[in-house]
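Protein chains: 2
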Amino acid sequence: MSHAATLRAMVDELVAAGIRDVIVCPGSRSTPIALATKAHPALRVRVLLDERSAGYFALGLARAARRPVAVVVTSGTAVANLLPATVEANLSRVPLLLLTADRPAELRDRGAPQTIDQVRIFGEHVRWFAELPLPDGERVTLDHVAAVVGRAVAIARGGSGTAPGPVHLNLPYREPLIPDGPLGPACALERPPFTDTLVGRSTLATADVAGLAARLPVSGRGLIVAGPQDDPSLPAALVRLAAATGYPIVADPLSGVRCGGHDRGQVIAHVDHLARPGPWREAHLPEIVLRFGAAPTSKPLATLLAEAVPVQIVVDGDSGWREPAIIPTTFVHADPVATALALAEHLVFAGDAPIERQWARAWSDADAIADRALRAWLAARTQSGEPFEGLPFALLGDLLPNGGLLWAGNSMPVRDMDAWLPLGERVIRPLSNRGANGIDGVVSTALGSAAAGVGPVALVVGDVSFLHDLNALVAARLHDLSATIVLVDNDGGGIFSFLPQASAVAPEVGLPEHYEELFGTPHGIDVGPIVTALGGEFREVSAGDLRAAIADSLARPGVQVLRFRTDRDTNVRMHREAAAAVSAAVAASVAASIGAAAVGRA
Amino acid sequence: MSHAATLRAMVDELVAAGIRDVIVCPGSRSTPIALATKAHPALRVRVLLDERSAGYFALGLARAARRPVAVVVTSGTAVANLLPATVEANLSRVPLLLLTADRPAELRDRGAPQTIDQVRIFGEHVRWFAELPLPDGERVTLDHVAAVVGRAVAIARGGSGTAPGPVHLNLPYREPLIPDGPLGPACALERPPFTDTLVGRSTLATADVAGLAARLPVSGRGLIVAGPQDDPSLPAALVRLAAATGYPIVADPLSGVRCGGHDRGQVIAHVDHLARPGPWREAHLPEIVLRFGAAPTSKPLATLLAEAVPVQIVVDGDSGWREPAIIPTTFVHADPVATALALAEHLVFAGDAPIERQWARAWSDADAIADRALRAWLAARTQSGEPFEGLPFALLGDLLPNGGLLWAGNSMPVRDMDAWLPLGERVIRPLSNRGANGIDGVVSTALGSAAAGVGPVALVVGDVSFLHDLNALVAARLHDLSATIVLVDNDGGGIFSFLPQASAVAPEVGLPEHYEELFGTPHGIDVGPIVTALGGEFREVSAGDLRAAIADSLARPGVQVLRFRTDRDTNVRMHREAAAAVSAAVAASVAASIGAAAVGRA
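Protein chains in written order, with the working numbering: chain P, 1 to 602; chain B, 1 to 602.
Here chain P stands alone, though its shape is the one from the complex:
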């Protein structure tokens, strides 16, 4: 018996705790949750057919809307399909509430159909697990359920010192599954949640701020590294800190610092090029690095940090330990915005000498040189009609309007975003599943973000990733979503072309003999008819008409998949050419400045 009163208590608490979106996958055992959530006017229910896709869809929606999203699935392998998105949500700190229907105790572990062990099935990959009791209509059950649901949402949002993330509630139901009474809100929509939470913001003591500030040599060889993060208030705080220290801000594409109305005078977009080995890098090794956000995307930057071994300070408001360079590190477990502002204020108040800007200017000048070199190189290539995988990001940086969401697939697109998304004034929100960096679920995630309705959505994704999540477009069809998808199609796994596996001549291990079969994986599949059959629009685009096609798609409803065909080998060559163009331009400026210094000395 599914007691309607208990279901109403649960759903009322979901709403009171701030849930507004529920993704429901069809199932029988989940009938009570599906009907109860559907009956509440404050909840928007969307049905999806594939639970793996639904998990990623919810993740994208939660990220875009900046609030927890609930996913409802029936018992059995439906639950197991949520693990990939759960792993990503855990590492990328996205609030998800996983509501999994289950069989009651008497049907478990005795061979009953569609019954698996769902208790703690997500292990350490969720922030919290709880199993609700059967909805028996007892007063204490109602209150217990409301309290647990409120706590689950609160934990998913992140408490003091713990990151937001996925929470799993397992909900057993006994037949009959149809609730025994009316559903819908049982109380005023505006009531506070049963489990109400006030979460303190973690700030450093004044003495700790002073101690930290004392380690920052003003005008010294410092870098503020803005890693992947999604707090829109952080860029302005970092700009204040940059002004107070004289440090440039090395901005990951996913930091939110490259794009927006804040002062970008000290923001560096091209560290992925500048950090590559060469005379410029050797002359500009940092002595101190102050990082906010996750570890940056750029591999050259990661290598530079591991080799230069600067003093490193990592600020993480969620008490994390993200430090892959393996160098001695001070972890600051305090609110990043508050910390940046407190440090800036302390330095400005304490400082008496004017701040020298040569170091920051050297970075900015090099960044501008890199930017010009890249633009010139790309313009020449595009004019000659050669398709280049960085082009979509260069164009989307220009074309996406204020408030646009720009998704990059793993594994090549996000690197191309790093190299090709320029600084700009419009508030574009660059996003990617960089918790676990999976190529799975990328299209579903982007479409989930489109469902948030916060701005136009564009996604750049490779063909293997697109095939992996082929049924994602079912969601767009069922829910009338709009998105611009640039499908970079090089018929296989492009990233491997950049790895040693591609160039190794080692017949004793089967290379290059087995390279294409094991890594390149050409599939020869034309996804055009698939996109059309799933209700999307499909268009083949060349380098010459990509700009117009993106602009056209952004102006129209529905999902447009723009296939941009490239060649894996050519792509590697072009990436190396572009890098060489930057490196030559930057090296020339180094030589010129040395020459100028020599002239000055003469």
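The set of hints was computed from the structure by calculation and includes no laboratory data.
The beta carbon of each residue, even a glycine, is placed where N, CA and C say it ideally should be.
Any given hint could turn out to be false.
Claimed, not checked - Simulated coverage check for chain P against chain B, where a stretch passes if three residues somewhere in it have a Cβ under 8 Å from a Cβ of chain B:
| # | region |
| --- | --- |
| 1 | 356 to 365 |
| 2 | 533 to 544 |
What the hints assert, rightly or not - Residues of chain B clear of chain P, computed beta-carbon distances all greater than 12 Å:
| # | residue |
| --- | --- |
| 3 | Glu190 |
| 4 | Glu282 |
| 5 | Leu285 |
| 6 | Ala308 |
| 7 | Pro324 |
| 8 | Asn410 |
| 9 | Gly492 |
| 10 | Val527 |
| 11 | Val531 |
| 12 | Pro557 |
Claimed, not checked - Only part of the chain P face toward chain B is listed, based on derived beta-carbon distances under 10 Å:
| # | residue |
| --- | --- |
| 13 | Ile116 |
| 14 | Leu183 |
| 15 | Pro185 |
| 16 | Arg426 |
On the provided structure of chain P, position chain B as indicated by the hints.
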């Protein structure tokens, strides 16, 4: 450094322990395993792009080939995607070896890219977990790796008293990932495994056989229930037991007992109809049930057992506890074939009275009546051109040659298989993912079984299940597989039409208002162009030409998807009509026999 010697030791042991098939998903961290398995001439490596699909493909291959299959994936969410197939393999007792590449210790839990917590990620859903050391080339490492790999395969195959199932080995690798020396067999292909295992067959003591036999009233109201199981030697043993007890064998479609050259005189195919409430059932309630295999598919049979509360004996050679009827049960944890034969022998030896066959004959007669009624009903319907979802199984039972594999999707197809797969002489192997009964991964599983090359493969699957696993056909394209797929397309979730959710008029819970959105889930997707784009052949078939289309497909290479369009409401009506036709025919025979008895008494 990936020491080639350690990799060779690992792969040699895989081969020595009996692995012949390896499914590899592309990735960088998994490079050492991919290259090392590819280099061994005794291993057949197949590359698939989607790990979820790869897991199910391996499951299907392992089931069909009756030997363990290895799956190789890279680190990150790739691993998480294996959970659904792992859950199924655990519950359906299929040997899988999950080889997951991982980052080394120094990259874990510090924000390094594509690094998730893979240790024990499958929790209780695998039989064993072990993490291998870095391949450092030390002698002790080589031996340890060989011993662990051999043990893993042995456990996956199932030891004495433990069921076969999935085993997870986590394999960390440090860069460079390309092995440092030659790969390929390091020793003779015919060497015994490092960890060699002799597994005892668990047999009952003579006294226990006698005790059990004493509980079986020869010629009494007993049933041998043959549930889902896949041991081809069991049917003959059950036939011997049936002869010795006089009990009919109630044969689940997945028991392997319906089809084959054994004596089928006491085999009952239509228990799903006979067990429905009615005069026949009431007159034929069993007093003792001796079950082999998993719990049967038929819900009417399950209900009958729960209500009639017969003495129940469940024989499970893997020490399982599969008893969902929740009635007092004797679990026999001993080899099923040996147990059936020992019981039969004991009864024959001990028996002095001739065995009465009335009870068995009553079941056989009713089964024959049901069969005739169903055939007549179906013939009339098919002649009138009305598509019926049971038709594919009736036809495939006729058309599949000896050695054919017949897969049924969950959730409606397997029930239709139960109702419509007749008894027959040809050795058809009916299969379904009935461990967890998921609708996910069904197409991948069937295609995996096609890769085993043991016989032609046919699959009957619904449209929601097909959409869920849409990219499964990529596997067929990459590996030139052949299969006949009957796609029963009723544009949504057909099984819900049979559940209370469909007929409930309960506006206070939103029924029928939200039925189609939450349960029916019509999607309107025409999968034809998708199948063609993925390299399959697609054909629209009517009830009239389904037979010819199946016959044609079975005779040709490649994957043919035969779309058989049905209507959800009509389908429910037709199922009820068919059930009514059987019930009327059987009731008439009961009345006639009562009449005859009355005449006899007169």
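Evaluation of the provided hints:
no.: 1; hint: 356 to 365; in the structure: violated (count 0)
no.: 2; hint: 533 to 544; in the structure: holds (count 3)
no.: 3; hint: Glu190; in the structure: holds, 23 Å
no.: 4; hint: Glu282; in the structure: holds, 23 Å
no.: 5; hint: Leu285; in the structure: holds, 22 Å
no.: 6; hint: Ala308; in the structure: holds, 18 Å
no.: 7; hint: Pro324; in the structure: violated, 4 Å
no.: 8; hint: Asn410; in the structure: violated, 8 Å
no.: 9; hint: Gly492; in the structure: violated, 9 Å
no.: 10; hint: Val527; in the structure: violated, 7 Å
no.: 11; hint: Val531; in the structure: violated, 9 Å
no.: 12; hint: Pro557; in the structure: holds, 18 Å
no.: 13; hint: Ile116; in the structure: holds, 5 Å
no.: 14; hint: Leu183; in the structure: holds, 5 Å
no.: 15; hint: Pro185; in the structure: violated, 13 Å
no.: 16; hint: Arg426; in the structure: violated, 28 Å
Hints 1, 7, 8, 9, 10, 11, 15, 16, counting from the list given before, are not met by this structure.
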